[in-house]
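Peer 1: Line by line, the protein sequences are chains B and R.
Here the first sequence stands for residues -17 to 98, where the numbers follow the working numbering.
Here the second sequence stands for residues 145 to 392, where the numbers follow the working numbering.
Fair warning: there could be bad hints in the mix.
[To be verified] Sample of chain R residues lacking proximity to chain B, with all beta carbon distances greater than 12 Å (derived): (1) G193; (2) A199; (3) N215; (4) G284; (5) T304; (6) V325; (7) D381; (8) S387.
[To be verified] Covered stretches of chain B (in silico footprint by chain R; criterion: 3 or more residues with CB under 8 Å from a CB of chain R, positions within the stretch not fixed): (9) 2 to 11; (10) 54 to 63.
Hints in this document: simulated from the structure, not taken from any laboratory.
Owing to the predicted nature of the structure, the values given are computational and were not obtained by experimental measurement.
Using N, Cα and C, we set each Cβ at its ideal position, and we do this for glycine too.
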Amino acid sequence: MSRLELFVVVVAVVNVAVVLEFVRRRKLAEGFALLWIGVGLAGVALSLARPVFDAVARAVGVSYGPSLLFTLALLFLLFVCMSLSLHVSRLSSRTEILAEEVAFLRAAQEPTVDHR
Amino acid sequence: MHRRRAGKDTVLSELLVVIPALDEEATVGDVVRAAREHIGGSVLVVDDGSVDETAAVALAAGATVVRHPFNLGVGAAVRSGLRYASEHGYTAVLQLDADGQHDPSDGRRLVERLHEDSADIVVGTRFGGNYRVRGLRRLGMRTLAKVVSTRLGTRLTDTTSGYRAFGKRAVDRLSRTYPSVYLSDTVEVLLMAGDWGFRVVEEPVHMHPRKGGRPSSGPALSTVNFLRLVLVIVLHDIRRPMSRRGGP
């Protein structure tokens, strides 16, 4: 195992460990936990199976293995960004609804219109 | 007010029937009326962000209605019901589906078993009667039942049933911590009960064919949900228990 490979494996393992710790502390919801555990395991697998990956790259017509890896990683990150954007959009529309609910509840409790 | 006894110790005024409902205007009225007739106690419908007339229909049928401002999922609806019960001094909760598939006349038995068996949770098993599942679904349900039974040290055959009775201890403890991940909630809550040393028993219930609404999910979504459920079970051991306030 080259020094570079060792480095990549260590990074991937640390990644998995950090994800599991967040899951353990219940800071990550189940759906996201599944995603990031998958990412961590894929990282370990890819760093160990470099020859296999090179073969796959050649098979699909990419001459330099790592550039296929970069392309896939980039696409995956775009996908994650998109899904996070969707989540944030949903959360912000829910916040608006909640704020409206609170406003109406408050109005019902302490009438703001003065009828004197 | 005229009180009847549901079980040895539960006066009906201490029982809250909790019915989580999402867009079930076609059936929720009949379910509420049947629950009032066959089970007694108070009936609470938790409207989980319906866009139809579920809340109005439930109210007209004589239920108390709590409405979520948007859809939060069945687990959250059950948690709201348990929290309502805990905060209003109810000592037992019967959870019942709004789509009419659960027979309200089984409800009283579930509540009685809380006392007969000094149980904290009574699960209504659908395999006691006319309910049949096939293929992968059957395999999945059996595997779940086996895993959960082993961990709890009690034989359970149907771990995803949403027809359940909760005793006082379970109501209070789960009123903040009932999990809300879709489908996993029914199984995870049993694992939590196991951690707390709660006694869980099961009682056969009958299933009616669906009268209105739509089935919860197709095969593809079921598979995703099942995988998430497996994750929840696997992670359960390494995860910190939820705090008593709920959340991390």
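Peer 1: So, against the hints stated earlier in the document, which numbers end up violated here?
Peer 2: 1, 3, 6, 7, 8, 10
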